[in-house]
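Asks: These protein sequences, in sequence, are chains A and B.
With the numbering used here, the residue at position 78 of the first sequence is 78, and numbering never jumps.
With the numbering used here, the residue at position 108 of the second sequence is 108, and numbering never jumps.
It cannot be assumed that every hint is accurate.
Claimed, not checked - Per label pair, the in silico range of CB-to-CB distance: (1) M41(B) - W93(A): 23 to 29 Å; (2) G63(B) - K42(A): 23 to 29 Å; (3) P8(B) - E15(A): 37 to 43 Å.
Said to hold, decoys possible - Lysine to any residue pairs mimicking SDA-like chemistry, simulated, CA-CA at most 25 Å apart: (4) K42(A) - G53(B); (5) K42(A) - L45(B); (6) K42(A) - T54(B); (7) K42(A) - L13(B); (8) K9(B) - Q38(A).
It should be emphasised that the hints constitute simulated quantities derived from the structure, not laboratory data.
What you are looking at is a predicted structure, and each value in this text was computed from that prediction instead of being measured.
Note that CB positions come from ideal geometry on N, CA and C, so glycine has one too.
Chain by chain, the residues:
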Amino acid sequence: EDQVTQSPEALRLQEGESSSLNCSYTVSGLRGLFWYRQDPGKGPEFLFTLYSAGEEKEKERLKATLTKKESFLHITAPKPEDSATYLCAVQAWRNTGNQFYFGTGTSLTVIP
Amino acid sequence: NAGVTQTPKFQVLKTGQSMTLQCAQDMNHNSMYWYRQDPGMGLRLIYYSASEGTTDKGEVPNGYNVSRLNKREFSLRLESAAPSQTSVYFCSGAGSGWETQYFGPGTRLLVL
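With the rest of the complex left out, here is chain A (with noise of 0.2 Å):
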């Protein structure tokens, strides 16, 4: 069955406390995986896309690192705006076109 996991589901940082969220997957026929961030009330927003075992990608204080199984999103030095919900998402093709698995989401908060 094709299956998106997030973990943890939440998670509490103070401010420049490093720390990894995880994805992991059992997607067949992976295209890509995809790192989006969330604010309350507005829409996800593209962060990241991987394609294959071993990529890693930067911006700012993030860093997307994939493996067969899984990816993480390390957040070195996180400050107050950081906080979001952070969504990881699996493109797989199908005969009908792409197809997009969502996982639930972290939600992250930063203390100052």
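Given chain A, work out where chain B should sit, using these hints.
Replies: For chain B alone, kept in the frame of chain A given last:
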């Protein structure tokens, strides 16, 4: 360049009423998607359109219909709204290749 737009932003319906949620994109995406987002459930795919003129069911299509009016517009119709359809609805667009997915701001629907 507005990206992905959705109307209305918020709607209240009575059980049994019908309505159409509108989505338009100016990013020349081939694929378009409708999701619903409920607390603790993550984003779930309702319907998608891999290209103009085609539509397919996603994970939770019951009670919904869609129309891909042209390449830019993809509408979602509730023929007879039910309280279980209270949710936040997101539309998104993506390219047919390896491109990422861009989301609209969402429509908040309350069915009484």
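Asks: Could one say that the CB atoms of M41(B) and W93(A) fall in the range 23 to 29 Å?
Replies: For M41(B) and W93(A) the Cβ distance comes to about 24 Å; the hint holds.
Asks: May I ask you to test the hint 23 to 29 Å on the CB atoms belonging to G63(B) and K42(A)?
Replies: 25 Å, holds
Asks: Are K42(A) and G53(B) close enough, with their CA atoms no more than 25 Å apart?
Replies: Distance ~29 Å between K42(A) and G53(B) Cα, so the pair is violated.
Asks: Can you confirm whether the C-alpha distance between K42(A) and L13(B) stays at or below 25 Å?
Replies: 21 Å, holds
Asks: Could you grab the alpha-carbon distance between K42(A) and T54(B) and see if it respects the 25 Å cut-off?
Replies: 28 Å, violated
Asks: Holds or violated: are the alpha carbons of K42(A) and L45(B) at most 25 Å from each other?
Replies: 17 Å, holds
Asks: Going straight from one Cα to the other, do K9(B) and Q38(A) come out at no more than 25 Å?
Replies: Distance of about 17 Å is within 25 Å: holds.
Asks: Do P8(B) and E15(A) keep their Cβ atoms within the hinted range of 37 to 43 Å?
Replies: 38 Å, holds
Hints 4 and 6 from the list above are not met by this structure, while the remaining hints are.
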